[in-house]
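S.K.: What follows is each chain in one-letter form.
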Amino acid sequence: MAVKVDDIAVPVPAEIAEEAPPSGTTLVLRKMWQLRLGVFGGLLVLMLVFAAVFAPYVATHDPFEQDILERLTPPVFLEGGSWEHWLGTDQLGRDVYSRVVYGTRVSLTIGICAVLVSAAIGCILGLLAGFFGGWIDGVVDFGVNAMLAFPFILLAMTLVIALGASAQNIVIALGLSNWPIFARVARIETRKLREQDFVVAVRAQGLSNARIIFKHILNNLAAAILVIATVEVARSIIRETFLSFLGLGVQPPTPSWGLMVSEGRAYILTVWWLSTIPGAAIFLSCLGINLVGDGLRDLMDPRLRKA
Amino acid sequence: MTTYITHKLLHAIGVCFVVSFISFFLLFYTGDPASMLLPENADDADIALFKEQYGLDRPLLVQYGDYMARVLLNGDFGVSWVAKVPAETLIGVALWPTLKLAIAAQIIATLLAIPLGIISAVKRYSLIDNATILIVLIFQAMPLFWLGIVLIVIFGVWLKWLPASGSESWKNLVLPAFTLASFILPLNMRLVRSGMLEVLSQDYIRTARAKGVEERVVLMRHALRNAMIPLVTVTGIQFGALLGGAVVTETVFSWPGLGRLAVDSIRFGDFPVVQAVVIIFAGFTIVANLAADVAAAWIDPRIRFD
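These protein sequences, in sequence, are chains A and B. Counted from 1, the first sequence has number 153 at position 154 by numbering that gives the first Met the number 0; the numbering is strictly sequential. Counted from 1, the second sequence has number 158 at position 159 by numbering that gives the first Met the number 0; the numbering is strictly sequential.
It should be emphasised that the hints constitute simulated quantities derived from the structure, not laboratory data.
Just so you have them, the derived chain A footprint on chain B, three or more residues with Cβ under 8 Å:
(1) 133-144
(2) 232-246
(3) 284-294
We treat Cβ as the ideally placed atom computed from N, Cα and C, and that holds for glycine.
Generate the whole structure from the sequences, applying the supplied hints.
M.R.: Below is the structure:
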């Protein structure tokens with residue numbers, strides 16, 4: 000049987016031929032779908048920031064108001080719970096939901112400030128070490144190694160004990176213990192950048208070292224540092240809550256998630272949700288922040304996707 | 000190779016001294032032992048006498064040198080201010096439980112990370128791959144102390160399968176070990192997965208497949224061996240973090256190890272014991288880092304010439 004040329008179906012790339020170039024909105028939507036986990040994380044973070052900034056409006060009760068008659072009422076999804084205190088009340092009859100909302104302020108502020116401190120120290124040291132090399136590089140490298148050998152949590156605890164337990168001192172303790180990761184990345188990246196043509200070019204133009212470092216090299220470092228900083232905010236929040244859990248953090252009656260988990264632990268056998276709810280708040284915030292960090296990394300360096 | 004190891008070793012010894020000095024400075028110089036140990040009504044003369052007796056009136060560097068000499072020559076870490084026994088005795092009792100916990104966690108994490116990482120890389124974008132990524136995301140965001148409490152509630156209080164605290168039998172080890180394992184699991188899984196993905200796309204794997212080598216052999220012998228290198232290095236490097244995680248885990252489960260000893264000692268201001276734990280932890284971390292460096296250089300000769 001002979002085959003006629005007409006019988007052979009020629010695949011017409013119809014969708015290619017007919018599709019109009021995607022509009023700006025389509026492109027944005029497509030990108031958002033690609034980064035859907037990051038977008039989800041971004042929404043979580045937005046909620047977090049909103050709760051922190053507008054805490055008095057988001058909360059339903061005064062976080063310090065005690066009502067001993069209403070103590071340890073279960074959340075609304077359990078028997079005996081009511082919408083009056085929809086996440087229940089703690090051992091002093093304070094509204095758990097409102098305390099979680101106000102706790103956002105403590106955790107976010109401490110987390111972000113601690114990362115700012117460590118990023119500043121780490122970036123300056125890393126830039127100097129990577130750019131100048133020589134003995135500066137040796138000293139910074141040695142310092143990074145020494146810090147990494149120091150059990151982080153013990154260092155932070157020791158610093159808090161030495162300085163006294165307060166929100167400000169936790170920021171200092173976490174900031175001072177966590178700079179090596181920034182220093183290491185800044186140092187390696189600066190070393191690579193230093194050899195690149197554009198740096199050689201601006202140097203040939205006679206720019207001062209300070210200007211090259213803080214304008215040209217720092218600009219190119221910013222993306223990598225931002226990604227690490229995002230993830231480190233989540234880790235700092237976890238560390239802050241652990242210090243508070245041990246009683247070395249912000250002091251009662253300030254609503255802090257770690258403190259709430261710790262206080263609820265005494266009642267763990269009977270009212271399991273008292274520790275679990277603030278813990279879930281820590282978990283969701285860190286999940287959101289980590290997802291944003293992953294999304295940022297994908298956006299800035301697609302090669303690293305899901306690696 | 001010998002010069003490489005010698006160089007690393009000297010570096011490690013230097014790091015050990017710096018760490019011990021910083022902690023010594025923080026603990027003994029900023030904290031005031033006199034106010035910790037003397038009764039509240041002690042007057043200035045008492046405090047001065049006390050400081051003279053314990054050599055606390057001498058310059059910081061002299062005190063530190065004296066302390067390190069005793070540690071290095073006699074293994075004498077000083078006497079606990081609270082328990083009134085030598086700090087090294089307390090350390091000796093708490094060392095094994097911590098090592099047991101750390102080793103169990105490391106084994107659990109490795110046994111889970113390797114198969115999950117391989118499957119996830121081989122069946123990319125499959126259900127298992129997505130599940131693996133989900134596990135990574137969840138455990139990364141989960142505070143250890145909270146996970147410990149949740150596990151206690153579920154398996155200790157509700158199901159009553161496992162004891163919630165204590166350290167009498169192997170059953171007591173299960174929950175703390177899983178909690179601590181969850182701390183290093185995400186990174187290990189990511190490493191195995193990305194390592195396998197990278198290796199599998201290389202020419203020699205295609206050659207092996209083209210030769211007709213069985214897929215199982217390709218994966219296990221050709222791919223996994225090379226994909227394991229970053230895992231080996233990171234296992235050494237993250238040992239310090241593992242000990243840090245042990246501090247958290249031991250506190251939640253009342254596990255009688257070094258971490259809980261350190262936390263209790265910090266709370267009571269028992270500085271000789273804290274100082275001893277810090278030095279022991281730093282020592283372990285440095286040895287683990289060194290071992291990882293040497294292992295990496297041994298597996299991959301290119302590293303030595305960097």
